[in-house]
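So the sequence lines, in the order shown, correspond to chains A and B.
Residues in the first sequence are numbered consecutively from 1, following this note's numbering.
Residues in the second sequence are numbered consecutively from 1, following this note's numbering.
Hint data in this document are derived by calculation from the structure and do not stem from the laboratory.
Quick reminder that beta carbons are idealized off the backbone N, C-alpha and C, glycines included.
Misleading hints may appear alongside valid ones.
Claimed, not checked - Heads up, simulated EDC-like pairs for lysine to aspartate or glutamate below, C-alpha to C-alpha not over 16 Å straight-line:
no., chain 1, residue 1, chain 2, residue 2
1, B, 348, A, 56
2, A, 253, A, 236
3, A, 135, A, 263
4, A, 108, A, 122
5, A, 290, A, 273
6, A, 135, A, 118
7, B, 541, A, 56
8, A, 250, A, 236
9, A, 108, A, 124
10, A, 250, A, 263
11, A, 108, A, 296
12, A, 135, A, 102
13, A, 48, A, 59
14, B, 541, A, 55
15, B, 348, A, 59
16, B, 348, A, 60
17, A, 108, A, 294
18, A, 108, A, 142
19, A, 253, A, 263
20, B, 541, A, 60
21, B, 541, A, 59
Unchecked claim - To spell it out: a stretch of chain B is covered by chain A in this simulated footprint if at least three of its residues, at any positions, have a beta carbon under 8 Å from a beta carbon of chain A; those stretches are:
no., region
22, 314-327
23, 338-347
24, 447-456
The residues making up each chain are set out below.
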Amino acid sequence: MAAAMIPLQPPSASTISPGVDQLYYLLTGITLFFSVLIFSIIFYFMVKYRRRSDDELPEETHTSMFLELAWTIIPSLICVVLFVWASDLYVRNSRPPAASTEIFVIGKQWMWHIQHPEGPREIDELHVPVGAPVKVTMTSQDVIHDFYIPAFRVKKDVLPGRYTSLWFQPTQTGTFHLFCAQYCGANHSQMIGWVYVMTPADYAAWLATGEKTESMVQEGGALYTRLGCATCHVEEGAGRAPSLAGIYGKPEKLAGGETRVVDENLMRQAILDPNSIPLPNYAPIMPTYKGQIDEEQVLELIAYVKSLGPQERNDQ
Amino acid sequence: MSTATPDLHSAPAGSGVNYLNASYGIRSWLLTTDHKRIGLLYLVVITFNFFVGGTAAVLMRLNLIEPTGALVEPSTYNKLFSIHGIMMVFFFLVPSIPATLGNFLIPLMIGARDVAFPKLNLLSWYVFVAGSLCALVAVLSGGVDTGWTFYTPYSSTYSHGLVVLAALGVFIAGFSSILTGLNFIVTIHKMRAPGMTWFRLPLFIWAMYATSLIFVLGTPVIAITMFLLGLERIFHVGIFDPALGGDPLLFQHLFWFYSHPAVYIMILPGMGVVSELITAFSRKKIFGYTFVAFSSMGIAVISFIVWGHHMFVTGQSIYAGLVFSALSFLVAIPSAIKVFNWTATLYKGSISYQAPMLYALGFIGLFTMGGLTGLFLASLATDVHLNGTYFIVAHFHYIMVGGAVMAYLGGIHFWWPKISGRLYPDLWARFAALVVFIGFNLTFFPQFVLGYLGMPRRYAVYPAEFQVLNVMSSAGASILGIGYLIPLVYLIWSMRYGPPAGPNPWGAKGLEWTTPSPPPTENFEEMPVVTEDAYNYPTAKAVRHG
Numbered sequence: 001m002a003a004a005m006i007p008l009q010p011p012s013a014s015t016i017s018p019g020v021d022q023l024y025y026l027l028t029g030i031t032l033f034f035s036v037l038i039f040s041i042i043f044y045f046m047v048k049y050r051r052r053s054d055d056e057l058p059e060e061t062h063t064s065m066f067l068e069l070a071w072t073i074i075p076s077l078i079c080v081v082l083f084v085w086a087s088d089l090y091v092r093n094s095r096p097p098a099a100s101t102e103i104f105v106i107g108k109q110w111m112w113h114i115q116h117p118e119g120p121r122e123i124d125e126l127h128v129p130v131g132a133p134v135k136v137t138m139t140s141q142d143v144i145h146d147f148y149i150p151a152f153r154v155k156k157d158v159l160p161g162r163y164t165s166l167w168f169q170p171t172q173t174g175t176f177h178l179f180c181a182q183y184c185g186a187n188h189s190q191m192i193g194w195v196y197v198m199t200p201a202d203y204a205a206w207l208a209t210g211e212k213t214e215s216m217v218q219e220g221g222a223l224y225t226r227l228g229c230a231t232c233h234v235e236e237g238a239g240r241a242p243s244l245a246g247i248y249g250k251p252e253k254l255a256g257g258e259t260r261v262v263d264e265n266l267m268r269q270a271i272l273d274p275n276s277i278p279l280p281n282y283a284p285i286m287p288t289y290k291g292q293i294d295e296e297q298v299l300e301l302i303a304y305v306k307s308l309g310p311q312e313r314n315d316q
Numbered sequence: 001m002s003t004a005t006p007d008l009h010s011a012p013a014g015s016g017v018n019y020l021n022a023s024y025g026i027r028s029w030l031l032t033t034d035h036k037r038i039g040l041l042y043l044v045v046i047t048f049n050f051f052v053g054g055t056a057a058v059l060m061r062l063n064l065i066e067p068t069g070a071l072v073e074p075s076t077y078n079k080l081f082s083i084h085g086i087m088m089v090f091f092f093l094v095p096s097i098p099a100t101l102g103n104f105l106i107p108l109m110i111g112a113r114d115v116a117f118p119k120l121n122l123l124s125w126y127v128f129v130a131g132s133l134c135a136l137v138a139v140l141s142g143g144v145d146t147g148w149t150f151y152t153p154y155s156s157t158y159s160h161g162l163v164v165l166a167a168l169g170v171f172i173a174g175f176s177s178i179l180t181g182l183n184f185i186v187t188i189h190k191m192r193a194p195g196m197t198w199f200r201l202p203l204f205i206w207a208m209y210a211t212s213l214i215f216v217l218g219t220p221v222i223a224i225t226m227f228l229l230g231l232e233r234i235f236h237v238g239i240f241d242p243a244l245g246g247d248p249l250l251f252q253h254l255f256w257f258y259s260h261p262a263v264y265i266m267i268l269p270g271m272g273v274v275s276e277l278i279t280a281f282s283r284k285k286i287f288g289y290t291f292v293a294f295s296s297m298g299i300a301v302i303s304f305i306v307w308g309h310h311m312f313v314t315g316q317s318i319y320a321g322l323v324f325s326a327l328s329f330l331v332a333i334p335s336a337i338k339v340f341n342w343t344a345t346l347y348k349g350s351i352s353y354q355a356p357m358l359y360a361l362g363f364i365g366l367f368t369m370g371g372l373t374g375l376f377l378a379s380l381a382t383d384v385h386l387n388g389t390y391f392i393v394a395h396f397h398y399i400m401v402g403g404a405v406m407a408y409l410g411g412i413h414f415w416w417p418k419i420s421g422r423l424y425p426d427l428w429a430r431f432a433a434l435v436v437f438i439g440f441n442l443t444f445f446p447q448f449v450l451g452y453l454g455m456p457r458r459y460a461v462y463p464a465e466f467q468v469l470n471v472m473s474s475a476g477a478s479i480l481g482i483g484y485l486i487p488l489v490y491l492i493w494s495m496r497y498g499p500p501a502g503p504n505p506w507g508a509k510g511l512e513w514t515t516p517s518p519p520p521t522e523n524f525e526e527m528p529v530v531t532e533d534a535y536n537y538p539t540a541k542a543v544r545h546g
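Sequences and hints are given; from them, build the entire structure.
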């Protein structure tokens, strides 16, 4: 009856979970095998070779090169197999599918602020549809946090000053724990929440209810106008700054000769610390927006710039 | 422990002048340059630190009996685990075996009158005490809630209290490690008795040598890291906090560059102790001497290039993750070699089960489990799920408590007759070893399950479904705590009332057993000359052939 009270396995609710569990059970098997092997040998020796009289002299034994090699090589081979298995799985688990929908997370002492591209915002709750890949892009407003959903077997640190991301594809509807897994101060253990996995229909209904909010792209567009970004970022070559249309995901050559792909982290850096990214054909005249807009607004601006179609950009 | 010093002065009957009764008074202890007395000075201080850290652990486990926290506010709980971690890691485990048994035994084992730099040795104790006092004041005044890992920018910007004082304590104590390491390296190189070649050294000496290398090479990095942390916290120099232009992960790289090798500072000496115990209580030459010796050196070297496995989920690049994962698997191999060689040493031995041997066998079992569960964390895909959960807590307690502390207690029990000249009650000692073993497993095994279920570490309150396992763990902790108190009682008792031990109560090999117990101040009445390998126990065959 006690067994019924003690859970032994967390719910398995994402496409990532089965692979991780498989490896976990393989490792458990290896641990049990070698523990039992060594314990049995020790117990056998303990009984068989126990000292029977105080003046007993043991038989001489010699170091065996064969044994030394065997117990060096066999564990090495097991480690190679484990390394390849675990690494292959990790690399596959690290790459979000191209079709993922995006969700944005801002961690702060001690709550999770979650933003859907369609507009809805949530605190310590995350609603997602079952069966669709979701990419979560995260940053922290203060200290390091860690976004952990045990049922999905995903976890990633949430760092101040940069974006990290993870992805998952829920496989069953239900309610699952969301934990902060990096110690972040007084109420660390209360920085928890729930993930609600819903059927696509329920999810669409959930998106439609609640207060009508602008989408992140709309909010970002309004901000883009209000901050006057468009006065400089006009068509390529026509203004004091490069065109931003279609720039997301493209390699950009910097003044130093270095080439960087324009991703969320680079865009964030360009908004908050523009002079750290000198461009060959433009003077470093952009003001920093650090302290003037918050992390949420940075995300909205990025969402807006990502939405600008490539047709507006003149690629020479 | 304050009553311990006077008791030591009553010499066992018939043993003449020894290092304990050669001079009297508190001054003769506080100004001693005798490595044996310095070892005892360390023993007193780290025993105190151990019980400070242990008390914090007991309070934590009490709190976790209830999902909502049975005892304290979350912010107090955070201070408790910080006290526990800081005191146990920096002020107990790191100095434990090297500073006590290492100081006491290295000159005795290699046939020297003292360490190479006796005054430096005393200085390093004072430095250590100064560091301990800083940390004690900081943690006991309730000033530190960063955990022992001091992660930035929480520690440098957001935490309130005496973080700088605690960091200063770690910084200062680091110099004690460096001085001790330097002293040991020079001693082992230059002070060996005639005939004591490198490959006749007891494996405890090899382990101390490998540990000393890590002391000297690794400790400066933690000192620099704590210094930078202080700079940012006091003067707001942007090093780690992105708000000041710093990089939060830089701290973790620097911290783990020391703190992963520090894990081996804690376990390598334990492996050295266990090699001595297994051979003595099975009356056997160690199986695969060179493999065991070189695996210590291999562990010391590889330990410096695996730190990134603490950072698999920080957003570090996939390729860095792959390299650190491969290196972490590599460091498992020398540990496996040691376990197999210890096991093979028992083969055809003449095995007895006094208390030190029980600790040694407990060490092998618990270290094996701690090592194997390390594979879960070297494996990238499973580490993502288990990192930062109770699985990590269970894993490193199997290594550091199941491994290092079991070996430390085994070593103390083994050499206690040499240190004090007295025997302790073996039955009580065996009983305590059993209590420790049972209490340990009941405390930490449920934590593996909790971690797999997803319970994060450092949680003052937790969802109710984790309660049963937490109550089991807390019950185990109370048993473990009793197991640690029993030896404190009978060892102190034995200093006055224990029967005299004689020079070699276990019938063990090794130069330390050829001199009286307690040894004279100059260690040996006549300087030894070594003519045989370590662990050259007589065998039936050798006797038959005369």
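Would you list, in rising numerical order, the hints stated earlier that this structure does not obey? none
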